[in-house]
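*Asks:* The primary structure of each chain is shown beneath.
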Amino acid sequence: MIHDFTYFRPGTAKEALSLLAEHKDDCKVICGGQSLLIVMRQGLVATDNLIDIKRLEELNYIKFDSTEGLRIGATTTHRTIEKSPLVKEKYGVLVSMENRLASIQVRNWGTIGGNLAHGDAAGDPAPVLMALNASVKVGSAQKERVIPIDDFYVDLFETALEQDEIVLEVQVPVPAPKTATCYSKFNLLSSDQGIISVGASVTLDGNACKAVRIALGNAAATVMRAKKAEEILIGKTLSDALLEEAGQAAHDECEPVADIHASEEYRRHLVKVFTKRMVKQAWEQASKA
Amino acid sequence: MEWFLTVGQRIPKKDAPLKATGNALYIQDLRLPGMLHGKILYSRYPHAKILNIDTSKAERLPGVKAVMTGSFASALRIGFMKDNPPLKSGKVCSMRDEVAAVAATTPEIADEALGLIDVQYEELSAVFDPIEAMKEGAPLIHEELGSNILKLPWRFIAGDVEQAKKDAAYIVENTYTTPWVTHCCLGTSGCIAAFDINNDLTMYSNTQIPSLAQKDYVDALGALGLKNKKVRVVQSFIGGAFGSKLDTYSYEYIAMLLAFKTRKPVKIVFSREEEFFATSPRQCTITRISQGCTREGALTFREMEMILDNGAYTSWGATTPSVMMLPISSLYKVPSIKYTAQCVYTNNTYSQAMRGYGNPQATFAIESSLDQLAEIAGIDPLEFRRKNANEPGEITPQGFRITTCGLKDCMDEVASRLDWTGKRGRNKGRGVGMASLIHVGGGARVYKSDGCGTIIKMDDFGKVDVFTGATDMGQGSETVIAQMVAETLGVGIEDVTVINNDTDACPWDVGAHASRTTFVAGNAALGAARKIRDHLLEIAAKVLDENPENLDIKKGAIFSTKDKEKNIAIGKILRSAHYSAHGKMMMADYFYDPPNENFDRDFKGNLSVSYAYGTHGVEVEVDRETGQVTVLKYIAAHDVGRAINPMLLEGQIYGAGLMGLGYALGEKMIFEKGKLRNGNFLDYKLLTAKDVPPVEAVIVETIDKDGPFGAKGIGEPGLVPTAPAIANAIYDAVGVRITDLPITAEKVLKALKEKEKRT
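Heads up: the sequence lines are chains Y and G, in that order.
Numbering-wise, our numbering puts 61 at position 61 of the first sequence, and it's gapless, one number per residue.
Count along the second sequence from 1, add 1000, and you get the number used in our numbering.
A couple of the hints might just be wrong.
Pairs of lysine to aspartate or glutamate, EDC-like flavour, derived with a Cα cap of 16 Å [said to hold, decoys possible]:
1) Y:Lys-14 x Y:Glu-253
2) G:Lys-1750 x Y:Glu-265
3) G:Lys-1750 x Y:Glu-264
4) G:Lys-1463 x G:Asp-1495
5) G:Lys-1753 x Y:Glu-265
6) G:Lys-1747 x Y:Glu-265
7) G:Lys-1428 x G:Asp-1563
8) G:Lys-1014 x G:Asp-1623
Think of the hints as simulated: they come from the structure by calculation, not from any bench.
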């Protein structure tokens, strides 16, 4: 059963942040609750105060500008992102990621900010956003700051958020020319999180790989970059041998944990297979861009 | 050609509007004045002595009305072998053992009180593997029995297997294993126990066996010293049962004891977590099978040895080998059969009935092995199956008298819809597979009676009330029974009300099991409806001055088939019956007990009046890099006698097919040292709407002579052959044979890698 708590529903972000400043020592922020309510019901999280920021309309937006890139407010639901023509046109990979995130019911209620702040290494958005070189804008009653998503995840279910901070916005830069990003996951049920997931962004210069970002989901305590695999790809042209080498590097550098659903060995194997597949897919799309 | 107005029509379930609008009252919704909430404290260890239980703190918590341990009603035992005390004292034998219980004014207080009960245990060494449990010196679950092997002599012999082995041209042997899976009813288990001032008991429950539960409760009251008390069972709407509510469980007796002690109604409703770990799953099995055939591919023998993990206590799960015998003895024509099964106590959860009742486990082994045999005999699996298929008029080694049998038709439907010859044997990552089934389709004489009673009465306006013992747990028996009655009495489906949830009003029925309700309750309803019809026609004959044999009823009117002028509305006949001198009440009863047979000591006998057949075929794609199996096409052809309601029938096939797919590819209760590790819907991989491949249900009608309007049962068959059909298709696609369910991607990949190493 869920431990009793005091429920706050602030009307503005300012009010939310001052409530948070006041209760930060014993408080959880809820923004959709699709992850939090599960752990609260399981008794893994018990809090005396719950601050619900889901209805903060000032944080519910999707904007694009050709220099700044994409800005998604924290309270924007997954479904809104999935259905946004703007996102579809400029960052199609986010739409395909959202399409496979849990179920429609969850996407209707869960938010991008809530998802990122939950800090689950198996979450879908983070590896895609990491491949897209995104940043997270966070704020407290005192100040705002922007954290590159590479630095946002600290440890298992632990983010760089201070106790008095909330996620305000996701910022995705404008991709370089000849860039494509792909994402996929291996899951047991369609609505599941990935046993592992891989996001890959490839930028080409002619036929050669100019830049690449590979992000692995659920392959370690946090979402992680497969930097050794990336190094192997830089400056090279596409071949099966190259993909094999990069896939093997990702296989070796990830740190998955075995659980009842899959062994460590199988997870590493899947990281390799999906790294190869996503890099190849992104590479081919970039070459056509 | 007969034609019907209601039977055979695609009529939505009568209770669908109530359910869709949230107006159906489930056990969760029911409240009685003064009602308390009961909660159960479960064991912390799989096997331990209980040294002491201190309930004093819990008792002092405001709002707590009773705290109970095994010392209360310690003589009470429940279950098939009466080896299970509702509250344990002395020792615990599994993680789901009930150690104490609380009744309080709110569920929250009851929950808090559980946390205040201090139990001291001394851990005992435990055994979780049935093979280990069979060994000399293994920890004994029930010391007084002297062995962990249950004294249940499951053994069926026909012909001469030893000789057949010597004579066979081809023989295959393999071992197959199946996991625990659970029903995942959306409506969790629950009840409210309420005593009146005479100590008569009313149980509000979502049981699927009201009459047998009533007897269990009467017996329990007797054990409490309450002799000759009346028990009434009132069923709420049932959110699925699938066999899980085919027995009575500790929680029901605990509610009863708490109600008795507090003199208040006590409600216990399982949380989802309890529904996972404290209800009884389908038993896991280890099966060694050997089959042989002649050079031409005629099956000559089938030998099977099975070990079933019984868990710590015994429910009806221990009797599933009796149903496993159905396919073992009688799926395909096999002259020599040898089957033995042992049920073994362990410190795991105890098993129970689940849709198919042992048949899915046995059929997985038989139909997987059959494909292996076909391969070494060099015969196409479809041709091999057709050659050995059952036929009408056959008497099987177990003594089943096969009346109608559409097995070959089912195979042919599957083969043509799958493009069997076009797609099979290419081994390029895509493949097709099939498997068939036999199940009881005309009741099953498991108990001394296989009967169902029905009372029908009509009011002055032509409305019909049908009082049946048969339970509707979501399968739609209410609608199917109403259709048959409406057809017989010439009224509309909307004119028929089915009352099926109160032992004070409804006649006796042995329970919703063995796919028997349409057949048995249908025949019972038909028997009563025909009596009323005869009464109506008799009265109408006088009024219309016509021979009753020339009269028919349709659309609310009785009319002469000879003279169109002679007709009268049913309501007029009814009113004249009620208002005339020497008036007559329009009511009839009927008890139908099918002419089937209990097994004899050798497990021979015609268990069912009719047998259901079917064949499932699938096309799969296997990702060789990940091992992932995708079902591209799923054809499920069933010999159903007659489809009384094709819409509901397809629903049964879709639902069962989905359960079968889960069993084949992903569902498994994962226990570690007796503790369930995946007791929630995140970790227990129940397929969702997003995971459903297209299932094509094919209805083969054979119009059974004994079935109501020719119908046979269909409740269980739809999940029986799914897993072997998929295993066979995977073999066709990539050449690996998975013998251990569920067939996860990781297992397939491992098998692929091993195959690579070998070649």
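*Asks:* Next, verify each hint and record whether it holds.
*Replies:* Hints and how they fare:
1. Y:Lys-14 x Y:Glu-253: 42 Å, violated
2. G:Lys-1750 x Y:Glu-265: 11 Å, holds
3. G:Lys-1750 x Y:Glu-264: With Cα atoms ~14 Å apart, G:Lys-1750 and Y:Glu-264 stay inside 16 Å; holds.
4. G:Lys-1463 x G:Asp-1495: 5 Å, holds
5. G:Lys-1753 x Y:Glu-265: 13 Å, holds
6. G:Lys-1747 x Y:Glu-265: 12 Å, holds
7. G:Lys-1428 x G:Asp-1563: Violated - the C-alpha atoms of G:Asp-1563 and G:Lys-1428 are around 69 Å apart, more than 16 Å.
8. G:Lys-1014 x G:Asp-1623: 44 Å, violated
Going down the numbered hints, you'll see the structure goes against 1, 7 and 8, while the others check out.
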